[in-house]
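Undergrad: For reference, the chains in residue letters:
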Amino acid sequence: MTLPLTPSQTIGPFFAVGLPWPDGPDVVAAGTPGARWIGGRVVDGAGDPVPDALVETWQADPEGRFAHPDDPRGPAPGGSGFRGFGRCATDAEGRWAVRTVKPGPLPVPGGGVEAPHLNLSVFARGLLNRLVTRVYFPDEPEANAADPVLASIPDPAARARLVAVAEGDRLRFDLHLQGDQETPFLAI
Amino acid sequence: MSDTLSGRQTGSRPLLPAYSPEAPGTHPPLDYPDYRSTRLRVPRQPLVPLPHRLTEVTGPLLGEDRIGEHDHDLTVQHAGEPLGERIVVEGRVLDGAGRPIPGTLVEIWQANAGGRYRHDGDRHPAPLDPNFSGAGRCVTDAGGRWRFVTVKPGAYPWTNHHNAWRPAHIHFSVLGWAFTQRLITQMYFPGDPLFAFDPILSSVPEAARERLVARLELDTTVPEWALGYRWDIVLRGRDATPFEDEEDDG
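Those sequence lines, one after another, are chains X and F. The numbering of the first sequence is our numbering, which starts it at 37 and goes up by one. The numbering of the second sequence is our numbering, which starts it at 470 and goes up by one.
Simulated from the structure, these hints should not be mistaken for lab results. Heads up, the beta-carbon is just placed ideally off N, CA and C, and yes, glycines get one too. It cannot be assumed that every hint is accurate.
[Claimed, not checked] Partial selection, computed: residues in chain X whose CB lies under 8 Å from chain F:
| hint | residue |
| --- | --- |
| 1 | Pro43 |
| 2 | Trp94 |
| 3 | Ser157 |
| 4 | Ala160 |
| 5 | Val201 |
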């Protein structure tokens with residue numbers, strides 16, 4: 037049996053009625069060793085902030101495991117209960133952030149390794165489907181250089197935009213939906 | 470434990486599920502100028518294909534612990550009942566192969582019966598209802614089923630173009646089983662004369678639009694109490710082949 041898939045629609049401007057969670061940005065709890073904030077701004081093609089976007093993140097735990105039955109390596113050692121998921125609505129200045137820890141690298145079927153990364157979805161008024169991208173870490177230059185997804189982005193300047201920027205104890209990752217600094221988005 | 474994917478392979482094939490490509494004609498194009506808000510927000514560079522590996526075939530399995538007692542019934546969340554036409558909306562979350570997706574979080578939000586959202590940005594001069602927040606959530610059961618009690622949302626004006634009105638709709642968010650399946654969409658009510666004038670629904674390829682329209686169902690309707698609507702949500706399916714031991718196929 038093959039069923040036709042349900043089409044996507046925009047999240048619209050009023051999702052704050054129901055979608056944000058008080059603990060949405062807490063991929064890990066405050067005080068978790070190694071925890072830090074990763075975030076930035078969502079801006080449109082005119083450079084204006086997008087104050088009505090929802091950003092979601094998904095990632096492996098620090099050992100590179102997922103609390104999910106389809107991780108064929110089995111459960112994370114110790115069954116950490118790592119949530120792995122973050123959700124944050126942008127504020128009036130277009131800012132978002134999640135508090136998390138760096139995930140481990142991931143083996144690639146058939147060989148190779150993916151550098152530590154977060155998968156990220158952006159939903160907003162004006163987006164009829166989500167936009168998907170990845171966040172990589174600036175302290176992993178060698179792993180990033182060997183990452184097959186980064187390598188598939190032909191323009192080196194665009195590729196560099198998928199690597200977060202260290203700012204003190206935070207990592208900045210801006211999302212440019214359109215324009216000269218447009219973030220590379222991925223087709224999933 | 471091995472840190473590679475080779476330890477539990479079937480032949481040379483790793484045990485990662487493969488999610489089917491989405492058929493062309495399923496989703497709206499991102500670039501759809503009739504919906505004015507797209508113009509400064511859609512990327513102009515081509516999307517780069519993302520292979521389905523570990524981060525893509527897994528996803529948050531969050532559910533029961535996020536659900537409150539009244540989250541599925543938007544008519545009992547306040548001291549009194551909301552105004553409007555009480556309705557039941559139910560359905561299943563399935564994958565493209567027809568398999569139910571159990572234990573997945575379904576979140577909804579909507580305008581009240583007068584077409585007004587409880588949101589500071591909604592300037593439609595229709596009354597707020599002190600007995601209606603317009604948000605609900607539930608988790609699908611073992612058969613992928615979900616059910617909400619609410620009131621039918623009203624149509625409302627917006628500023629996309631002169632005299633623009635949105636057809637009545639309920640927003641739905643579904644996490645699914647994997648990052649690949651994440652979906653946010655809108656459910657519409659059958660026979661709404663505003664369909665033809667709505668660029669958001671019209672952005673969906675014509676053959677797929679009806680998939681966003683619930684059907685009135687007497688089996689879901691509660692006699693003497695509330696009309697019932699049914700609507701199934703179908704997320705992309707995964708190919709079974711990587712799960713199977715080819716030598717066992719006979």
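Undergrad: Can you name, in rising order, the numbers of the hints this structure does not satisfy?
TA: 5
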